[in-house]
Amino acid sequence: MLNVQNLVKIFNKGSVNEKTALDNISFNLNKGEFVTIIGSNGAGKSSFLNAIAGNFPTDSGTVIISDKNVTTLPQYERAKYISRVYQDPMSGTAASMTIEENLVMALRRGEKRRLKLAIRNKDKDFFRQELRKLGLGLEDRLTTKVSLLSGGQRQALTLLMATFKEPELLLLDEHTAALDPKTAEKVLQLTCDVTRDSNLTTLMITHNLDQALNVGDRTIMMHEGRIILDIHGEQRKTVTINDLLKMFENASGTQFHTDRALFA
Amino acid sequence: MSSLVVLGTTEQGLMYAIMVLGVYLTFRILNYADLTVDGSFTLGAATAATLITSGYNPWFATGVAFILGCLAGSFTGILHTKFKITPLLSGILTMTALYSINLRVMGKANISLLRERTIFSDFESLPYMQEYGVLILAFLTVVIIGFFIYLFLETEFGLALRATGDNELMIRSLGVNTDLMKITGLALSNGLVAFAGSYVAQNQLFADISMGIGMIIIGLASVIIGEVLIGTRTIAKAVLAVLCGGVIYRGIIAIVLQLGLVATDLKLITALIVILALITPQLRSKFSRPLKNV
Ligand SMILES: Nc1ncnc2c1ncn2[C@@H]1O[C@H](COP(=O)(O)OP(=O)(O)OP(=O)(O)O)[C@@H](O)[C@H]1O
Ligand SMILES: [Mg+2]
Numbered sequence: 001m002l003n004v005q006n007l008v009k010i011f012n013k014g015s016v017n018e019k020t021a022l023d024n025i026s027f028n029l030n031k032g033e034f035v036t037i038i039g040s041n042g043a044g045k046s047s048f049l050n051a052i053a054g055n056f057p058t059d060s061g062t063v064i065i066s067d068k069n070v071t072t073l074p075q076y077e078r079a080k081y082i083s084r085v086y087q088d089p090m091s092g093t094a095a096s097m098t099i100e101e102n103l104v105m106a107l108r109r110g111e112k113r114r115l116k117l118a119i120r121n122k123d124k125d126f127f128r129q130e131l132r133k134l135g136l137g138l139e140d141r142l143t144t145k146v147s148l149l150s151g152g153q154r155q156a157l158t159l160l161m162a163t164f165k166e167p168e169l170l171l172l173d174e175h176t177a178a179l180d181p182k183t184a185e186k187v188l189q190l191t192c193d194v195t196r197d198s199n200l201t202t203l204m205i206t207h208n209l210d211q212a213l214n215v216g217d218r219t220i221m222m223h224e225g226r227i228i229l230d231i232h233g234e235q236r237k238t239v240t241i242n243d244l245l246k247m248f249e250n251a252s253g254t255q256f257h258t259d260r261a262l263f264a
Numbered sequence: 001m002s003s004l005v006v007l008g009t010t011e012q013g014l015m016y017a018i019m020v021l022g023v024y025l026t027f028r029i030l031n032y033a034d035l036t037v038d039g040s041f042t043l044g045a046a047t048a049a050t051l052i053t054s055g056y057n058p059w060f061a062t063g064v065a066f067i068l069g070c071l072a073g074s075f076t077g078i079l080h081t082k083f084k085i086t087p088l089l090s091g092i093l094t095m096t097a098l099y100s101i102n103l104r105v106m107g108k109a110n111i112s113l114l115r116e117r118t119i120f121s122d123f124e125s126l127p128y129m130q131e132y133g134v135l136i137l138a139f140l141t142v143v144i145i146g147f148f149i150y151l152f153l154e155t156e157f158g159l160a161l162r163a164t165g166d167n168e169l170m171i172r173s174l175g176v177n178t179d180l181m182k183i184t185g186l187a188l189s190n191g192l193v194a195f196a197g198s199y200v201a202q203n204q205l206f207a208d209i210s211m212g213i214g215m216i217i218i219g220l221a222s223v224i225i226g227e228v229l230i231g232t233r234t235i236a237k238a239v240l241a242v243l244c245g246g247v248i249y250r251g252i253i254a255i256v257l258q259l260g261l262v263a264t265d266l267k268l269i270t271a272l273i274v275i276l277a278l279i280t281p282q283l284r285s286k287f288s289r290p291l292k293n294v
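One line per chain: the protein sequences are H and G, in this order. Position one of the first sequence corresponds to residue 1 (my numbering), numbered consecutively onward. Position one of the second sequence corresponds to residue 1 (my numbering), numbered consecutively onward.
Hints in this document: simulated from the structure, not taken from any laboratory. Note that the Cβ used here is the ideal one computed from N, Cα and C, for glycine as well. Careful: at least some of the hints might be erroneous.
[Claimed, not checked] Computed, partial: chain G to chain H, Cβ under 10 angstroms:
(1) Phe157
(2) Leu159
(3) Leu174
(4) Val176
[Unchecked claim] Lysine-lysine pairs mimicking DSBU-like chemistry, simulated, CA-CA at most 35 angstroms apart:
(5) G:Lys84 / H:Lys19
(6) H:Lys13 / G:Lys82
(7) H:Lys80 / H:Lys186
(8) H:Lys165 / G:Lys237
(9) H:Lys80 / G:Lys82
(10) H:Lys112 / G:Lys84
(11) G:Lys84 / H:Lys68
(12) H:Lys182 / H:Lys31
(13) G:Lys84 / H:Lys145
(14) G:Lys82 / H:Lys19
(15) H:Lys182 / H:Lys80
(16) G:Lys82 / H:Lys112
(17) H:Lys124 / G:Lys237
(18) H:Lys145 / G:Lys82
(19) H:Lys133 / G:Lys237
(20) G:Lys84 / H:Lys13
(21) H:Lys237 / H:Lys182
(22) G:Lys84 / H:Lys116
(23) H:Lys112 / H:Lys145
(24) H:Lys112 / G:Lys237
(25) G:Lys237 / H:Lys145
(26) H:Lys116 / G:Lys82
(27) H:Lys31 / H:Lys124
(28) H:Lys145 / G:Lys286
(29) H:Lys165 / G:Lys84
(30) H:Lys122 / H:Lys182
(31) H:Lys165 / G:Lys82
(32) H:Lys68 / G:Lys82
(33) H:Lys133 / H:Lys165
(34) H:Lys80 / G:Lys84
(35) H:Lys122 / G:Lys237
(36) G:Lys237 / H:Lys116
In isolation and in its complexed conformation, chain G is listed as follows (with noise of 0.2 angstroms):
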């Protein structure tokens, strides 16, 4: 593999990470397969990129991406908690929902960015940057996110958010409003899935109605590849676990790529290294010596 692919590879794994703890915080703190991540990845691409080819500074346009995320889970969220919807269901249709928007959005199926100013443009244009300041703007971002999060998930209300995924009747028998915290988790952590898209965009230069498809997967390939390898017996653990997966998935996927495999077979091996690590567990159980009667 060339340097160069090592680098762009590397630079995409920081950015899809972003998102990967997105979905880290609904899968595994809130115990919640959130569907919705489908649709907020590609929003945040598209308000970024219609915003910054409208003219608008690409730093507050990635600030809109993250709340309109932030909506898009909380509007999840309140279909599920208040309307009693399934958590799939729910997510499912701010995800169809979105889709539209998106397009309403965009005005188009894709924007390109070429020539306009992002945040990497800008970022490389400081000194000494020009060379790596799109992997070190993703490294930062990666780091201080990954830091507030772990951060959060320490304070009075992220342990009552990681009780409400746990043991939702005994953190609501202690005073917790778990529809509210659920509301909340699913509002980070589609902020955070549409920071990403804004990100990724601004890095491909262009936003594409399609790019989120499969996202959710993807999510969940990493965070599981990443507590595989790294661990979670500690929160800090945990966040870097799944940090570090966003990034190793996207080199597997390099280097898949590498050896011949087509594109398009991307989203079947995603798939499949899901599947196995959901069965894992069971299969090990069942092939597992019998216990013996005492």
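With the rest of the complex left out, here is chain H (with noise of 0.2 angstroms):
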């Protein structure tokens, strides 16, 4: 499904701040996998999934989806295989467009947009029936401005806008790590919900060690541009928090650290 081939990514080559963010990275993911992501600050997380999305060139190294190499394909030309949902609850939804305005543009992802009306009748349908499953009662506010919603119910609404036309590959940065405690938990099970219902392929970078092993059904670990780890199947049932700070540790010859990592 996706193929990630000797994929090398450094920033400001050649001079004084030249920083290898991707390590030569191979990686291979299966349709319907869910794999979670973990890593230090500066790992290169957030890296391997824009390098993935055709957020910026690569050095060198090939990017394959569903048997087409996409690697030097612009990152809007991509579309058509991914969607994303970001840390920041603001950069998912357009503020200034309506609820329905911004689930129309979604559920076009990856066509081309024509000259015709954006919204019909019975896309104002299907929008309150999605809404509806989130719980949240957006589904009776489909003219509100996305900008009068709270940050969790913009998540929700990016989540779903990501999520209701399938895409091949779906890719999470933190995207619960901006949210109070319940409202991350919703989200989470959402996204549980949604990629159990529909078989997504899914990336999902956590700092939380717990999520990290719960979800999904496989961890990989970064650690300075490069994959150290990947635990899945058997092995990854019984293998425990301080099991896998342990494993980093022999594999990296470092402490794990981040701001923000949650061993609960």
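Build the complex from these two chains, which are given one at a time in their own frames, with help from the hints.
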């Protein structure tokens, strides 16, 4: 499904600020797999997702999605295959536009935008039905501007926008980190439900080690631009957070450190 | 004020409103301060005047003005998106280049259209149109353009354009080529501005190389006035607001002139209106009661 080979990304190449964010990464993801990604600050997790989504050109290596080599495609052309939810609830929606306008833009993800009225009545029914699943009462507020919603509501809306037209690959970058614990729990639950129901292929970055082991079916750990651990199958079922930390120390030779790791 | 002044002001206001709608597309929809406007307004006037005095059909000349305006806007858009030049500088570069181009087009600093056939003289020769022909043609044009721009902004393409100005990262990750959106938006905007320029020239019966100077500020002032007085809750309302803003601005200027201010002070007053509008939100928060720390 997703096949990454020898991917390298060096920021500010040739300057004093040169930084190798992705150091020869190779990675294979099967259809329907849900992988959680952990690693210290600056390990290259976000860069990895950005490289897959095409936010910037990479220095070498290939990215193949569903047998199509997308390595040189710009971000907007990869949108056909990929949906994303970012950490910042503000970044997934257009604040000055209404809920239904945001939804319809997501419904047309990867399609050509035509000179045709964007919202039709049958879309509205569909939107109401989908919004009802969030259980936030948004189904009665289709024409409300998104700027009036809370961060949690916006993030739930973004998640819906990213999944109701099923992507081949769903990329989540700490998408619950900016929410209060209760809302984060709710958005995570929604994530689990939708990825299970639609059997979505998913990559999720998290700083919550408990989440990393209990959500999805495979965990990878990144360090200095490389994948240093890949835990799946039977092994993953028995691993504890302490095991995980020890494995990290053995593989990287340093302590696992991050400003927001949660061990509970 | 005499009824003749009121009539003339309204006619002019409606023509300028088309320019204001163009400025709204970049300034508000794309969130892009585009200074091309000063040059493309003159470009429209110069093109129409030159073609008309060379014997071309005035309606054709007006159409060409629109298209050349679109080209000017696209040029700014390409400078910005493909060559990563800042929005302000891209606009200034095109505007500066257009000054020379406009002089080339006109061949001299101004062209008179006295006794030439214009879209207005055509329209006034229709039955019942002698007296209010200019007003009616300008009004019809504004209504039609306003309606189509409103519809356009509600299409799939229009939504993508608005989202490009609101959250570029988001709409790009939904598969929209935002460079193309910006170029299209700038093209359409400057097309409208040049179109307005050709109307104004045909109404005042001359084109002048400096008639576009300060146009961007007039556009911004009009957008702001319209938004404050009418509001922007929906796209339909916002489009109506900026069109009315264009007319109201002309009205304010006419009144100020009647009060005895000299015409050369107008730019100062216009700039003050824009400054006032831009600093009001800051002032309001500065002078509001400080929040108590809880
Ligand atoms: N656009 C950029 N320009 C220059 N350097 C960058 C850029 N983006 C990331 N980097 C650098 O690449 C390295 C990896 O950053 P990245 O954001 O991928 O880390 P991360 O694992 O997501 O960290 P965090 O847990 O803090 O989110 C960092 O050293 C960062 O400073
Ligand atoms: Mg990150």
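A quick look at each hint next to the structure:
| no. | hint | in the structure |
| --- | --- | --- |
| 1 | Phe157 | 5 angstroms, holds |
| 2 | Leu159 | 5 angstroms, holds |
| 3 | Leu174 | 5 angstroms, holds |
| 4 | Val176 | 6 angstroms, holds |
| 5 | G:Lys84 / H:Lys19 | 23 angstroms, holds |
| 6 | H:Lys13 / G:Lys82 | 22 angstroms, holds |
| 7 | H:Lys80 / H:Lys186 | 28 angstroms, holds |
| 8 | H:Lys165 / G:Lys237 | 32 angstroms, holds |
| 9 | H:Lys80 / G:Lys82 | 23 angstroms, holds |
| 10 | H:Lys112 / G:Lys84 | 25 angstroms, holds |
| 11 | G:Lys84 / H:Lys68 | 30 angstroms, holds |
| 12 | H:Lys182 / H:Lys31 | 31 angstroms, holds |
| 13 | G:Lys84 / H:Lys145 | 31 angstroms, holds |
| 14 | G:Lys82 / H:Lys19 | 26 angstroms, holds |
| 15 | H:Lys182 / H:Lys80 | 33 angstroms, holds |
| 16 | G:Lys82 / H:Lys112 | 21 angstroms, holds |
| 17 | H:Lys124 / G:Lys237 | 22 angstroms, holds |
| 18 | H:Lys145 / G:Lys82 | 32 angstroms, holds |
| 19 | H:Lys133 / G:Lys237 | 32 angstroms, holds |
| 20 | G:Lys84 / H:Lys13 | 19 angstroms, holds |
| 21 | H:Lys237 / H:Lys182 | 26 angstroms, holds |
| 22 | G:Lys84 / H:Lys116 | 31 angstroms, holds |
| 23 | H:Lys112 / H:Lys145 | 24 angstroms, holds |
| 24 | H:Lys112 / G:Lys237 | 28 angstroms, holds |
| 25 | G:Lys237 / H:Lys145 | 15 angstroms, holds |
| 26 | H:Lys116 / G:Lys82 | 28 angstroms, holds |
| 27 | H:Lys31 / H:Lys124 | 31 angstroms, holds |
| 28 | H:Lys145 / G:Lys286 | 27 angstroms, holds |
| 29 | H:Lys165 / G:Lys84 | 33 angstroms, holds |
| 30 | H:Lys122 / H:Lys182 | 34 angstroms, holds |
| 31 | H:Lys165 / G:Lys82 | 31 angstroms, holds |
| 32 | H:Lys68 / G:Lys82 | 27 angstroms, holds |
| 33 | H:Lys133 / H:Lys165 | 15 angstroms, holds |
| 34 | H:Lys80 / G:Lys84 | 26 angstroms, holds |
| 35 | H:Lys122 / G:Lys237 | 25 angstroms, holds |
| 36 | G:Lys237 / H:Lys116 | 20 angstroms, holds |
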